[in-house]
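Q: The primary structure of each chain is shown beneath.
There are 2 protein chains.
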Amino acid sequence: MTHIDIPADSEFGIDNLPYGIFSTPGTDARVGVRYGNNVIDLSAALNDPDFSSSSLNAFMARGRSRWVEVRESVTAMIVSGTTPAEAIVSVSDVTMHLPFEVADYVDFYASEHHASNLGRLFRPDAEPLLPNWKHLPVAYHGRAGTVVVSGADVRRPCGQRKAPDEASPTFGPSRRLDIEAEMGFVVGVPADGPISPDEFSEHVFGAVIVNDWSARDIQAWEYVPLGPNLGKSFATSISPWVVPLLALEQARTSTPVQDPEPLEYLRESRSWALDIDLTVAWNGHVVSHPPYSAMYWSPAQMLAHETVNGATSRTGDLFASGTISGPEKNQRGAFIELTWGGAEPVSLGADTRTFLEDGDEVVIAASAPGPNGSRIGFGDVRGRILSA
Amino acid sequence: MTHIDIPADSEFGIDNLPYGIFSTPGTDARVGVRYGNNVIDLSAALNDPDFSSSSLNAFMARGRSRWVEVRESVTAMIVSGTTPAEAIVSVSDVTMHLPFEVADYVDFYASEHHASNLGRLFRPDAEPLLPNWKHLPVAYHGRAGTVVVSGADVRRPCGQRKAPDEASPTFGPSRRLDIEAEMGFVVGVPADGPISPDEFSEHVFGAVIVNDWSARDIQAWEYVPLGPNLGKSFATSISPWVVPLLALEQARTSTPVQDPEPLEYLRESRSWALDIDLTVAWNGHVVSHPPYSAMYWSPAQMLAHETVNGATSRTGDLFASGTISGPEKNQRGAFIELTWGGAEPVSLGADTRTFLEDGDEVVIAASAPGPNGSRIGFGDVRGRILSA
Numbered sequence: 001m002t003h004i005d006i007p008a009d010s011e012f013g014i015d016n017l018p019y020g021i022f023s024t025p026g027t028d029a030r031v032g033v034r035y036g037n038n039v040i041d042l043s044a045a046l047n048d049p050d051f052s053s054s055s056l057n058a059f060m061a062r063g064r065s066r067w068v069e070v071r072e073s074v075t076a077m078i079v080s081g082t083t084p085a086e087a088i089v090s091v092s093d094v095t096m097h098l099p100f101e102v103a104d105y106v107d108f109y110a111s112e113h114h115a116s117n118l119g120r121l122f123r124p125d126a127e128p129l130l131p132n133w134k135h136l137p138v139a140y141h142g143r144a145g146t147v148v149v150s151g152a153d154v155r156r157p158c159g160q161r162k163a164p165d166e167a168s169p170t171f172g173p174s175r176r177l178d179i180e181a182e183m184g185f186v187v188g189v190p191a192d193g194p195i196s197p198d199e200f201s202e203h204v205f206g207a208v209i210v211n212d213w214s215a216r217d218i219q220a221w222e223y224v225p226l227g228p229n230l231g232k233s234f235a236t237s238i239s240p241w242v243v244p245l246l247a248l249e250q251a252r253t254s255t256p257v258q259d260p261e262p263l264e265y266l267r268e269s270r271s272w273a274l275d276i277d278l279t280v281a282w283n284g285h286v287v288s289h290p291p292y293s294a295m296y297w298s299p300a301q302m303l304a305h306e307t308v309n310g311a312t313s314r315t316g317d318l319f320a321s322g323t324i325s326g327p328e329k330n331q332r333g334a335f336i337e338l339t340w341g342g343a344e345p346v347s348l349g350a351d352t353r354t355f356l357e358d359g360d361e362v363v364i365a366a367s368a369p370g371p372n373g374s375r376i377g378f379g380d381v382r383g384r385i386l387s388a
Numbered sequence: 001m002t003h004i005d006i007p008a009d010s011e012f013g014i015d016n017l018p019y020g021i022f023s024t025p026g027t028d029a030r031v032g033v034r035y036g037n038n039v040i041d042l043s044a045a046l047n048d049p050d051f052s053s054s055s056l057n058a059f060m061a062r063g064r065s066r067w068v069e070v071r072e073s074v075t076a077m078i079v080s081g082t083t084p085a086e087a088i089v090s091v092s093d094v095t096m097h098l099p100f101e102v103a104d105y106v107d108f109y110a111s112e113h114h115a116s117n118l119g120r121l122f123r124p125d126a127e128p129l130l131p132n133w134k135h136l137p138v139a140y141h142g143r144a145g146t147v148v149v150s151g152a153d154v155r156r157p158c159g160q161r162k163a164p165d166e167a168s169p170t171f172g173p174s175r176r177l178d179i180e181a182e183m184g185f186v187v188g189v190p191a192d193g194p195i196s197p198d199e200f201s202e203h204v205f206g207a208v209i210v211n212d213w214s215a216r217d218i219q220a221w222e223y224v225p226l227g228p229n230l231g232k233s234f235a236t237s238i239s240p241w242v243v244p245l246l247a248l249e250q251a252r253t254s255t256p257v258q259d260p261e262p263l264e265y266l267r268e269s270r271s272w273a274l275d276i277d278l279t280v281a282w283n284g285h286v287v288s289h290p291p292y293s294a295m296y297w298s299p300a301q302m303l304a305h306e307t308v309n310g311a312t313s314r315t316g317d318l319f320a321s322g323t324i325s326g327p328e329k330n331q332r333g334a335f336i337e338l339t340w341g342g343a344e345p346v347s348l349g350a351d352t353r354t355f356l357e358d359g360d361e362v363v364i365a366a367s368a369p370g371p372n373g374s375r376i377g378f379g380d381v382r383g384r385i386l387s388a
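Just so you know, the sequences run in chain order V and A. Just so it is clear: in the first sequence, position 262 is 262 by full-length UniProt numbering, and no numbers are missing. Just so it is clear: in the second sequence, position 369 is 369 by full-length UniProt numbering, and no numbers are missing.
No lab work stands behind these hints: they were computed from the structure. Be aware that one or more of the hints could be misleading.
If you anchor each label on the Cβ, the simulated ranges turn out as follows [to be verified]:
| hint | chain 1 | residue 1 | chain 2 | residue 2 | range |
| --- | --- | --- | --- | --- | --- |
| 1 | A | H3 | V | T27 | 51 to 61 Å |
| 2 | A | T2 | V | A58 | 39 to 49 Å |
| 3 | V | V68 | A | A76 | 52 to 62 Å |
| 4 | V | G63 | A | R384 | 28 to 38 Å |
| 5 | A | E166 | V | S269 | 26 to 36 Å |
| 6 | V | R252 | A | S254 | 58 to 68 Å |
| 7 | A | E166 | V | P128 | 20 to 30 Å |
| 8 | V | A58 | A | D28 | 14 to 24 Å |
| 9 | V | V68 | A | G359 | 39 to 49 Å |
| 10 | A | G359 | V | P371 | 35 to 45 Å |
| 11 | A | S92 | V | T27 | 46 to 56 Å |
| 12 | V | R267 | A | R175 | 17 to 27 Å |
Looking from chain A toward chain V, a few residues come up when the C-beta cut is under 7 Å (computed) [claimed, not checked]:
| hint | residue |
| --- | --- |
| 13 | A139 |
| 14 | H141 |
| 15 | T146 |
| 16 | Q160 |
| 17 | A167 |
| 18 | P169 |
| 19 | V224 |
| 20 | N229 |
| 21 | A311 |
All of these numbers come straight from a predicted model, not from anything done at the bench. Even glycine gets a Cβ: it sits at the ideal position worked out from N, Cα and C.
So here's chain V without its partners, still in its complex pose (with noise of 0.2 Å):
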């Protein structure tokens, strides 16, 4: 019979209440739902092996009506200040892990902004916008193996490089060593095949930030013609926090204007845009503000299509939507666009930078609107950059 103290001003209120993997000192890793500055332990508050798993599968796989359900119980738990006390833990003491265990990892491209921006840099002399981009969600499949939970260090990947002055390439270290700022979202109840925009929220379970760490030299030399590979495959971080779908219905809004219409398999009924503020920090500076609710497409529209072939899912897909990039250059989500290729460097305080040098450091925060002015926290994905 506990009640929780929690600061007025929390990104982890009552409406809130993310899942994630946490462990303390000499325990196993399992589920705990984030209130304040606290960890509620499931395995301990609720009497369910589920939460006494190292990673959230198992219960995201038992669909929305399991999910509602246990939303309530914590909620309940919390309200009546009726949470074992044994099952409160500052979150100063714990250590967090990989959420849930990654299925098949699929990063879009759904910034209108970012790909414009990136087709001016990788091909200036064509049309920035390709002639699909607008019919549907570009995506690629990434590795799976190599998603790693905020706090892990990220080794400068080696490659080849090849500058348009070059004659053949080199091998080294990379020299571009960039970030994406992006949205991810995460499969629970499998699938056979198509899953509609209007059943996004009957599979998909939460959502995480994600950094989708890109070495631009290595990716500008390899990505003609299967996309990218080495270039992107040594690390993509992903925030210890799941919010749930269900915590995230104020944040709902419109998409932009699609314009052509999409085909009728991408069509919502009510949009999964949602309004979800994110910042970057470089070094402790803040260097960008994207905004997802910029966003061409909807992570329902997304998929949408990537299920439309009859592809199966699986609990654990993981699904990104490529780097958020608003209009303004300030709301830039990667630094080969907010630094122009590394023709405009940023400051940060006495320093500036094009690309990331070893011992950087970037923070990505998000938050979304909630119930009655309060702010859903995502909280943040950071990571360090070691040296190759």
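Once you've looked at the hints, dock chain A against the given chain V.
A: Quick look at chain A alone, frame taken from chain V:
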């Protein structure tokens, strides 16, 4: 104490001994070794819980010394006629299952003939081979969750297709459904980073035949700039028997001359190029004989490239070669090449075909040289097309 009969010309002789996952009616799936027309049930013949598993992953993770040990035990058991009678099951009585849980799936593009042919077909106004192609084994990540075992039906995918003379895309069943005849390799022992070509056989357990079903119309519209996605992600079939690398020593050969010389990290002391002959049968008619020995990049070079950026590897990582095509027309491993984009139909007895029709069946078989004139069979990978 049982001697096992075997046909004199069997490609599953004492020098092969591939592993698979099988079941008989009413029993759980478990590990078997194929010998002639029988399966030796390792869960009954050897005292090791790894063999009661419904995937090869646990055994594959043990590493090369254990792989050698078990191979020697099975060989001794067969040669000495001491296989327990209850461990011998006729292949005609078993159902084969997916042999391993696929972690990440990567598909290469390692045939110069295939890449050149596809370049001519997809980009008729440009150089067929792109500038990076002879410097690195180009690859992309595919969908691990839709890798299926031989025999699984393949439903014709729907998706967006736009012919060059159409103003905008339409949605519907693929009209250019194709195959890609490939060889695939599976990682047994995980790695924290780069796997050099000379470490290949410490990490890679064995090989399977792969059919990378491809919807060419969907692929052509979607693949720029991030590579193939829905044109491939609906299904990839693999053969049920994993031939261990230990059985492929006599199949080792050299790659074609690689010019320019590959960068240091791609050089092999002794090549893992393999002399494997494939046949592609379409509705019972053999239409192609793709020679794996013609591949430009060896599988050890592929894995070295895929991990040189520091990407970790997991047990069950599957990487495939990409379509195997030789220099001759009857050596092309994809129908888009064989029929030159549909312009030159092939004869199947009284029928002709350009792309796959509903009800068509494709069977890809493969074998390699073994000791003393024997052949090492991979069996086959088969699939039938269901209507959309």
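Q: Please go over all the hints and tell whether each is borne out by the structure.
A: Cross-check of the supplied hints:
no.: 1; hint: A/H3 / V/T27: 51 to 61 Å; in the structure: holds, 55 Å
no.: 2; hint: A/T2 / V/A58: 39 to 49 Å; in the structure: holds, 43 Å
no.: 3; hint: V/V68 / A/A76: 52 to 62 Å; in the structure: holds, 59 Å
no.: 4; hint: V/G63 / A/R384: 28 to 38 Å; in the structure: holds, 33 Å
no.: 5; hint: A/E166 / V/S269: 26 to 36 Å; in the structure: holds, 29 Å
no.: 6; hint: V/R252 / A/S254: 58 to 68 Å; in the structure: holds, 60 Å
no.: 7; hint: A/E166 / V/P128: 20 to 30 Å; in the structure: holds, 23 Å
no.: 8; hint: V/A58 / A/D28: 14 to 24 Å; in the structure: holds, 21 Å
no.: 9; hint: V/V68 / A/G359: 39 to 49 Å; in the structure: holds, 45 Å
no.: 10; hint: A/G359 / V/P371: 35 to 45 Å; in the structure: violated, 55 Å
no.: 11; hint: A/S92 / V/T27: 46 to 56 Å; in the structure: holds, 52 Å
no.: 12; hint: V/R267 / A/R175: 17 to 27 Å; in the structure: holds, 24 Å
no.: 13; hint: A139; in the structure: holds, 6 Å
no.: 14; hint: H141; in the structure: holds, 4 Å
no.: 15; hint: T146; in the structure: holds, 5 Å
no.: 16; hint: Q160; in the structure: holds, 5 Å
no.: 17; hint: A167; in the structure: violated, 10 Å
no.: 18; hint: P169; in the structure: holds, 5 Å
no.: 19; hint: V224; in the structure: holds, 6 Å
no.: 20; hint: N229; in the structure: holds, 6 Å
no.: 21; hint: A311; in the structure: holds, 5 Å
Consistency with the previously given hints fails for numbers 10 and 17, ordered from lowest to highest.
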